[in-house]
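First to last, the protein sequences are chains A and B. Residues in the first sequence are numbered consecutively from 1, following our numbering. Residues in the second sequence are numbered consecutively from 263, following our numbering.
Keep in mind the hints are simulated off the structure, nothing from the lab. For clarity, every value in this text was computed on a predicted model and none was experimentally measured. Backbone N, C-alpha and C fix where the C-beta goes; we use that ideal spot for every residue, glycine too. One thing to keep in mind: the hints can contain errors.
[To be verified] Using 35 Å as the maximum straight-line C-alpha spacing, the simulated DSBU-like pairs for lysine-lysine come out as follows:
no., chain 1, residue 1, chain 2, residue 2
1, B, K317, A, K29
2, B, K491, A, K34
3, B, K314, A, K38
4, B, K374, B, K319
[What the hints assert, rightly or not] So the derived list for chain B, only partly shown, Cβ under 10 Å to chain A, looks like this:
no., residue
5, E332
6, Y336
7, Q347
8, L422
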Amino acid sequence: MKYQRLPLVFYGFFQGMGEVGLLFSRTVKNIFKKPWEKDIFLQQVEEIGVRSLPVVSMTAAFGGLVFGLQTYIGFHRYVGAGTEAYGGPIISLGLSKEIIPILVGLMVSGRVGSAIAAEIGTMKITEQIDALFSLGADPNKYLVVPRVLAAFIVLPCLTLYGDVIGMIGGFFYNVVVMGVNRFIYIKNTLLYLELWDITTGLIKAAVFGIVIAIIGCWQGLKAEGGAAGVGRATTRAVVIANIMILILNFFLSKALPASLGG
Amino acid sequence: MIQIIDLHKSFGPNKVLQGVSLNVKKGETLVIIGQSGSGKSVLIKHLIGLIKPDKGKIVVDGVDITRLREDELYKTRRKFGMLFQSAALFDSMTVAQNVSFGLERYSKMSQKERRKRVAESLAMVGLRGIENLMPHELSGGMKKRVGLARAISYRPEIILYDEPSTGIDPIRADAINDLIIRMKKEIKITSIVITHDMVSSYKVADRIAMLYQGKIIETCTPEAVKESKNQIVQQFIHGSAEGPIENW
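The following block holds chain A by itself, in its conformation from the complex:
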């Protein structure tokens, strides 16, 4: 009996994928069409970027601290006392390639993806989207394009900022709190950390930005059924974007080369 619903689940999944795919392709086409909604784009840069700085600062700082702590314990326990300073490159690599892009993605998804779905969903149920159409504005161009473009540009910037804060956190725990050798820690970090490691994280962040914005817009545009419908759209936007971020992170880690050096 319980397997009877299975085709419906698959149908819903593929229908959703199709809707997101169409929305995305339409958005990409509209990016190059005039008029450009410059003011809304700048508003979204502020909303997604500037206003996310406090939450990104907190998560990156504590992410860096706890990763520094576990790396210190790992080296101390399995390699031996005195080797903890060699953890610097591992901390920086782990943070810039995996932890910071994911943390930033999840945090921005919770803060911004939900807000996008709620704002557009409310516009949908109060006929503001229909009003945009009637007044000669394409809702995709007016609402979706600025948000997707802003998230695509801003997420890598937030991630780079988070990388710096996280690495300072790891350095602070190891060097200031646990007293490991500062010179070895910095020298090894600079020796082994490649620019590509940081770039990998930034590429992932750009993809996560598109995912967060497009799923938020998709759910907002699909919202129906009053306030409860907007609530459901908001929840779905965050849950779907978070799952997509974690799945895509694995495939991007697998697809992107580990190093550009021979």
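Take the given structure of chain A and dock chain B to it, following the hints.
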């Protein structure tokens, strides 16, 4: 000016429009009456291409808009202004930004000219000095009037009114009726009003059409509607629970 020919629209199993045919003449005010949920809003949303029909034609000034591409539809939409049931003001914008929104897209006016047109449009609906207020600072009646100012700001040829008197008190509803009549007299506008408010219908209409079970069952002058032999029309205009209308 507008010909609706055999229009059909279903949402899943729900057949909303089942062969609607209707003509609207230039400069007239046509009121479409019908029960809540009878498909009146669906019908007028077809006119500006917000909804695509399953079957049928909508001919506006000789052009079948159901076959137009999105960019061609944009030019036809310029002919229409729409007052939405909930006013649908953009809540992140001031009144002035709301009213000038269509102007920015449909005209090549300078900022100074736009500002002047916004003030003129607001004055036409009896509002002055509220340009910098936000929609949440307005009463229900003021929102409707700002919605109307937004719809007329770029001087469309046809205005669609979706339940203009719903949700406001009878005095403000009558003020909106007067505005509809003024728009017709002052800017010779063609109007399509959908409502289930018979007081309003009798006051503003040149002709009244009744939509029932997805079809237009009567189209005539307000006086003729009052004398209609159709039992469904009689039950509706008298607001009686007893009669042939089912599913209320």
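Right, here's what the structure says about each hint:
1. At most 35 Å may separate the alpha-carbon atoms for a hinted pair to count; K317 (chain B) and K29 (chain A) meet this at roughly 29 Å.
2. For the proposed pair K491 (chain B) and K34 (chain A), the alpha carbon gap of about 56 Å is over 35 Å, so the pair is violated.
3. For the suggested pair K314 (chain B) and K38 (chain A), the alpha carbons sit about 31 Å apart, so the restraint of at most 35 Å is met.
4. Our distance criterion of 35 Å between C-alpha atoms is broken by K374 (chain B) and K319 (chain B), whose separation comes to about 41 Å.
5. Taken as an interface hint, E332 (chain B) checks out: its beta carbon lies about 8 Å from the nearest beta carbon of chain A, inside 10 Å.
6. Taken as an interface hint, Y336 (chain B) checks out: its beta carbon lies about 6 Å from the nearest beta carbon of chain A, inside 10 Å.
7. A distance limit of 10 Å between C-beta atoms decides the matter here; for Q347 (chain B) the minimum to chain A is near 7 Å, and the interface restraint holds.
8. Interface hint at L422 (chain B): satisfied, since its Cβ lies 8 Å from the closest Cβ of chain A, which is below the 10 Å cut-off.
Hint compliance for this structure: hints 2 and 4 are not met, and every other hint is.
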